[in-house]
Amino acid sequence: SQQGEEDPQALSIQEGENATMNCSYKTSINNLQWYRQNSGRGLVHLILIRSNEREKHSGRLRVTLDTSKKSSSLLITASRAADTASYFCATDRGNTGFQKLVFGTGTRLLVSP
Amino acid sequence: NAGVTQTPKFQVLKTGQSMTLQCAQDMNHNSMYWYRQDPGMGLRLIYYSASEGTTDKGEVPNGYNVSRLNKREFSLRLESAAPSQTSVYFCAIRSWSDSYEQYFGPGTRLTVT
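Going line by line, the protein sequences match chains H and P. Each residue of the first sequence is one higher than the last, beginning at 1 in the working numbering. Each residue of the second sequence is one higher than the last, beginning at 1001 in the working numbering.
All the pointers check out, no bait thrown in.
Okay, the calculated beta carbon distance ranges per label pair:
#1 H:E53 <-> P:T1113: 42 to 50 Å
#2 H:T77 <-> P:D1038: 25 to 33 Å
#3 H:A82 <-> P:T1007: 25 to 33 Å
#4 H:T27 <-> P:D1056: 16 to 24 Å
#5 P:R1077 <-> H:Q9: 27 to 35 Å
#6 H:T20 <-> P:D1038: 23 to 31 Å
#7 H:D66 <-> P:E1079: 41 to 49 Å
#8 P:G1016 <-> H:R93: 32 to 40 Å
#9 P:K1057 <-> H:P113: 40 to 48 Å
#10 H:R54 <-> P:R1077: 37 to 45 Å
#11 H:L61 <-> P:K1009: 26 to 34 Å
#12 P:E1059 <-> H:T64: 21 to 29 Å
#13 H:D66 <-> P:G1053: 34 to 42 Å
Below, a list of computed lysine-lysine pairs in the BS3-like style, where the Cα atoms sit at most 30 Å apart:
#14 P:K1071 <-> H:K100
#15 P:K1057 <-> H:K100
#16 H:K100 <-> P:K1009
Everything labelled a hint here was simulated from the structure, so no lab data went into it. Being a predicted model, the structure only gives us computed values, none of them experimental. Using N, Cα and C, we set each Cβ at its ideal position, and we do this for glycine too.
Pulled out of the complex, with its shape left as it was, chain H reads as follows (with noise of 0.2 Å):
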């Protein structure tokens, strides 16, 4: 089974808006990652953020973890037409050295001009 849940499946917003999407696990991590996947394409990486840690930014992007909650945000500020895609957040449970990621379910972002 997947280990994260995005929240919410699917968001609509103007140019310029921020958009914010959630994503609740279920055991422990080490890290977590977001990924940006454009239809029909690979997903690409954004942003990891690790278990000690409870924000991070990178760009227009910030995102938090709560590990007492078993959740994280990304918050992408100022939207443009080009974040149009899929965002997944990916957690990594694997033993040092080696990663095996658990994708979440995913958040359709479509970004209106």
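Go by the hints and put chain P onto chain H.
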């Protein structure tokens, strides 16, 4: 998706036919993965190879076999295709350095009729 190539891009099979999906990388990474993605779902791990010469089952291995031919190549074989194997298949790689991200290929879209 630079560095990870997959062939073919599209394939249609009849039930019971066999085929091999090919994955090759030029990034000299140790770990390679095969995932499947069904409509509206996240990725599920089929098989993985932590390093050359080793392979292990993932979450959904039934109906598949793999071969880690060398460090560059990791193939996925369907011996007797079933309609339930209709999916998009992604190969991914990762190094054993501190970078935890996985790099994905462009995918193979497989339809089994």
